[in-house]
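By the working numbering, the letter at position 28 of the sequence shown is numbered 1051, and the numbering carries on one by one without gaps.
Careful: at least some of the hints might be erroneous.
Stated by the list, open to error - The following label-pair restraints were derived from C-beta to C-beta distances:
#	residue 1	residue 2	range
1	Gly1135	Met1024	29 to 35 Å
2	Asp1084	Val1148	20 to 26 Å
3	Ala1072	Tyr1166	27 to 33 Å
4	Met1087	Gly1135	29 to 35 Å
5	Ala1079	Met1024	17 to 23 Å
6	Ala1096	Arg1146	21 to 27 Å
7	Asn1110	Ala1079	18 to 24 Å
Stated by the list, open to error - Derived pair list, reagent style BS3-like, types lysine-lysine, alpha-carbon separation capped at 30 Å:
#	residue 1	residue 2
8	Lys1026	Lys1109
9	Lys1109	Lys1131
10	Lys1109	Lys1125
11	Lys1131	Lys1026
12	Lys1125	Lys1026
Keep in mind the hints are simulated off the structure, nothing from the lab. Don't be surprised by glycine CBs; every beta carbon is placed ideally from N, CA and C.
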Amino acid sequence: MYKRILIVCVGNICRSPMAEYLFRQRMATRGIEFSSAGLGALVGSPMDATALQLLAENGIDGTMHRAHQLTPAILRQADLVLGMEKNHVAAMIRLAPEVRDKVYLLDKWLHGNDIPDPYRQQRTVFEHVHEIITQGVSSWEPYL
């Protein structure tokens, strides 16, 4: 059903790459391509060190990640797009209105809440956000 799934946040160095790499690990055998991008990406930057550490502690290597800027073309190429916040979803629809029917919150199947940005926060904030993202990824698995 979904072959290309895009996950979006702002800088593309914390939330969206954490979700991307969690999805990749869990869905490795399903033939789905996962990618991520940022509405205001820190283009070319690696994943935040704390995000990398949390993934590594769960057996996931995110060191190859580099931040990408979201474009209308990237949105159009995806079969499903998952944003971290309601305002991200709205911004993506403004950027490419034709993608409206394939853009959702990562938290759609749970509470429909925004996932807070841990950027420049303490590790405890990253741990909390990692847990929310993990739950969001799990909630999408039955639909993929």
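Quick rundown of the hints versus the structure:
A hinted range of 29 to 35 Å for the beta carbons of Gly1135 and Met1024 is inconsistent with their spacing of about 22 Å. Taking the beta carbon of each, Asp1084 and Val1148 are about 23 Å apart, inside 20 to 26 Å as hinted. The hinted range of 27 to 33 Å is satisfied by Ala1072 and Tyr1166, whose Cβ atoms lie roughly 32 Å apart. The hint said 29 to 35 Å for the Cβ distance between Met1087 and Gly1135, and at roughly 32 Å that hint holds.
Our hint of 17 to 23 Å for Ala1079 and Met1024 is violated, since their Cβ atoms are close to 31 Å apart. At about 36 Å, the beta-carbon gap between Ala1096 and Arg1146 misses the expected band of 21 to 27 Å. A beta carbon spacing of about 30 Å between Asn1110 and Ala1079 contradicts the range 18 to 24 Å that was offered as a hint. Annotation: proposed proximity of Lys1026 to Lys1109 holds, straight-line Cα distance about 24 Å (limit 30 Å).
For the suggested pair Lys1109 and Lys1131, the alpha carbons sit about 10 Å apart, so the restraint of at most 30 Å is met. Under the criterion of a C-alpha separation no larger than 30 Å, the hint pairing Lys1109 with Lys1125 is consistent with the structure, at around 14 Å. For the proposed pair Lys1131 and Lys1026, the alpha carbon gap of about 19 Å is at most 30 Å, so the pair holds. Taken as a hint, the Lys1125 and Lys1026 pair is honoured in the structure, with Cα atoms around 13 Å apart against an allowance of 30 Å.
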